[in-house]
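Chemist: Respectively, the protein sequence lines represent chains A and B.
For the first sequence, the residue numbers in our numbering are 7 to 419.
For the second sequence, the residue numbers in our numbering are 21 to 295.
Be aware that a few hints might be false.
To be verified - Straight line, CA to CA, 27 Å or less: simulated DSSO-like cross-link-like pairs of lysine-lysine:
1) Lys390(A) / Lys355(A)
2) Lys189(A) / Lys94(B)
3) Lys366(A) / Lys355(A)
4) Lys168(A) / Lys189(A)
5) Lys31(B) / Lys236(B)
6) Lys222(B) / Lys236(B)
7) Lys129(A) / Lys213(B)
8) Lys140(B) / Lys31(B)
9) Lys300(A) / Lys294(B)
10) Lys366(A) / Lys168(A)
11) Lys12(A) / Lys300(A)
12) Lys129(A) / Lys222(B)
13) Lys94(B) / Lys294(B)
14) Lys168(A) / Lys53(A)
15) Lys182(B) / Lys53(A)
Read the hints as simulated data drawn from the structure, not as lab findings.
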Amino acid sequence: MTAPQKPNSFRNGPDETGHFGMFGGRFVAETLMPNILELEAAYEAAKADPEFERELRSYATHYVGRPSPLYYAERLTEHVRETAGAGQGAKIYLKRDELNHTGAHKVNNVLGQILLARRMGKKRIIAETGAGQHGVATATLCARFGLECIVYMGAVDVERQKPNVFRMEMLGATVVPCQSGSKTLKDAMNEALRDWVTNVETTFYCIGTVAGPHPYPAMVRDFQCVIGEEVRWQMQEAEGRGPDSLIAAIGGGSNAIGLFHPFLDDENVEIYGVEAAGRGIDTGEHAASITGGKPGVLHGNRTYLLMDGDGQITEAHSISAGLDYPGIGPEHSWLADVGRVTYTSATDKEALDAFQLMSKLEGIIPALEPSHAIAKAVEIAAGKPRDHIMVINLCGRGDKDIFTVAEHLRGGL
Amino acid sequence: MTARIDARFAKARAEGRAALVTYVMAGDPDPETALAVIRALPAAGADIIEVGLPFTDPMADGPAIQASGLRALKAGQDTAGTIDLVRRFRDGDAHTPIILMGYFNPIYQYGVERFLADAKAAGVDGLIVVDLPPEEDAELCLPALEAGLAFIRLATPTTDDKRLPAVLANTAGFVYYVSITGITGAATPDFGKVASAVERIKRHTDLPVVVGFGVKTGAHAAAIAQGADGVVVGTALVSALERSLVDGAAGPGTVEAVTGLVGELAAGVRSVAKG
Chain A
7 MTAPQKPNSF RNGPDETGHF GMFGGRFVAE TLMPNILELE AAYEAAKADP EFERELRSYA
67 THYVGRPSPL YYAERLTEHV RETAGAGQGA KIYLKRDELN HTGAHKVNNV LGQILLARRM
127 GKKRIIAETG AGQHGVATAT LCARFGLECI VYMGAVDVER QKPNVFRMEM LGATVVPCQS
187 GSKTLKDAMN EALRDWVTNV ETTFYCIGTV AGPHPYPAMV RDFQCVIGEE VRWQMQEAEG
247 RGPDSLIAAI GGGSNAIGLF HPFLDDENVE IYGVEAAGRG IDTGEHAASI TGGKPGVLHG
307 NRTYLLMDGD GQITEAHSIS AGLDYPGIGP EHSWLADVGR VTYTSATDKE ALDAFQLMSK
367 LEGIIPALEP SHAIAKAVEI AAGKPRDHIM VINLCGRGDK DIFTVAEHLR GGL
Chain B
21 MTARIDARFA KARAEGRAAL VTYVMAGDPD PETALAVIRA LPAAGADIIE VGLPFTDPMA
81 DGPAIQASGL RALKAGQDTA GTIDLVRRFR DGDAHTPIIL MGYFNPIYQY GVERFLADAK
141 AAGVDGLIVV DLPPEEDAEL CLPALEAGLA FIRLATPTTD DKRLPAVLAN TAGFVYYVSI
201 TGITGAATPD FGKVASAVER IKRHTDLPVV VGFGVKTGAH AAAIAQGADG VVVGTALVSA
261 LERSLVDGAA GPGTVEAVTG LVGELAAGVR SVAKG
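The shape of chain A in the complex, shown without the other chains:
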């Protein structure tokens, strides 16, 4: 592959056919195409309507609880400085999207999509979920607006994320366990697409990450950009200037793109995405699509994927159900190829250590997903000067993960 040309701006994508460089696109069955075009038109109309913006802001403030705080993690910073060289150790802030209603960044996107579904007159909502956070957020907004909600979830994930399954059921959603393939997020997405193709007239598919056919990667990103936009003014208030680096965990990559996108054209801001290295990249048991995959086509878009030589999709592995997906959003694939964002990875073990570190030092139990970002942030921060300001996206809280973590640390609760 030849190196893609550097664009004038990193924030102009996708083009009108939904491509970020060679990535993205609309690789879907014909049955869905008219619907996807309808969705694109509806989203464009909503974006141009100040009333949609007003409604979105109002619910974000009063229902979700935005803005989420930007918090100086003093003890984590001290911890880094203890081990760093003289004068080293960046000042670390946490963007606390785990404090959102429903406990993760997922609700930012779901709120936008559900308000859009209402505008389009769709009364039946389907979603796929891995860790269950997107499912919970979707079930929550469907309860709030009286919409039917069906959530597809891999059978393995149903097992390891029981609290979220119960939560969704309490909220009135139907959770459908998927028994096919690896029984995780990718299979849940297959089932959701099969439902959509069957019930295309009545149903709105609320995708949980910046993947899928155009316009989803761009639309979900736009709804998540509130994260980075808040960081910009909050950091100005806190420090009188912008951040020097941003870091976030990446499964599909919606929390990361939400933090990164507003800063992509700020040349001096270093940006790091952290994929799940599972048991280690060299073991093959991981979920790091950019680090360990290659470009392919799945679930409506071209992007980096985990696959064998024949193009068969391989099973991802991560301790974190939310990162356990063999692909990544197409815009991340493009940002990796053009070199604007540095993609790295953290293992299950590193994430577990970071989970405990954050809990003990800051009194914040993070989800296993952002624990991957915390693990790498601590490493990177140690190599930065003390006046370097870093922001970690703390995109979810860890309540849902306590069973998994207990299992790993002491064989169960």
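Use these hints to put chain B onto chain A, whose structure you have.
Modeler: Just chain B now, with coordinates in the frame of chain A:
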């Protein structure tokens, strides 16, 4: 480019009937049995054969074809093996059109140019790639036409008159009308609606229109054959094959399980006289 396909539809027309298009998965339950099944299809009454390219994540297929693909992959089937299967079939049959049907990623990984050259050389006549709508024609459709392979497009109940011309624009060989909004092997279509949809498509094209998804019996095939130029059956055959397996492997009656049903479907198609 579409000589074999055109000849088959002309032959069926001359016989005053619709064509029977049968789908089976390459490599299910193992490469040799799959070849034996495919070789037996024309004599059983199949006019055109669709050969499934196995894929781990067939988003538009129901559980039967999904399971069939996974059996094939487990038995070691890959894209090169599927092309080889066609080559071996073609050695003994110069006339039955072969259409490869599947998803884009295995083709993309094989390499589009190489895939088209190898498929053409092996005697493939056309391609159906479910996840390539007209919006992505540059990926495979246009190169396929250039390489002399028909790219057969799916039209669906959601493809309205406004969109039909785009769907038909680069289609060759025939048009495949998907009888339902849904996945393969799910609901039985409303035959009245299908007939009017076929009529609608025929107003836009001179190509033969075949209908598939949800056709399970000879009676279904007969009902579809009233209006359509061809009837496609896939899931029912794949399911018949699955039922014939013994402990997941080919059983003594595997080939006959498929050909027996093909015979019934062919009789259904032939029971409807067309002018």
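Chemist: Please go over all the hints and tell whether each is borne out by the structure.
Modeler: Here's how the hints hold up against the structure:
no., hint, verdict
1, Lys390(A) / Lys355(A), "24 Å, holds"
2, Lys189(A) / Lys94(B), "17 Å, holds"
3, Lys366(A) / Lys355(A), "17 Å, holds"
4, Lys168(A) / Lys189(A), "15 Å, holds"
5, Lys31(B) / Lys236(B), "24 Å, holds"
6, Lys222(B) / Lys236(B), "24 Å, holds"
7, Lys129(A) / Lys213(B), "25 Å, holds"
8, Lys140(B) / Lys31(B), "23 Å, holds"
9, Lys300(A) / Lys294(B), "51 Å, violated"
10, Lys366(A) / Lys168(A), "25 Å, holds"
11, Lys12(A) / Lys300(A), "21 Å, holds"
12, Lys129(A) / Lys222(B), "34 Å, violated"
13, Lys94(B) / Lys294(B), "43 Å, violated"
14, Lys168(A) / Lys53(A), "36 Å, violated"
15, Lys182(B) / Lys53(A), "25 Å, holds"
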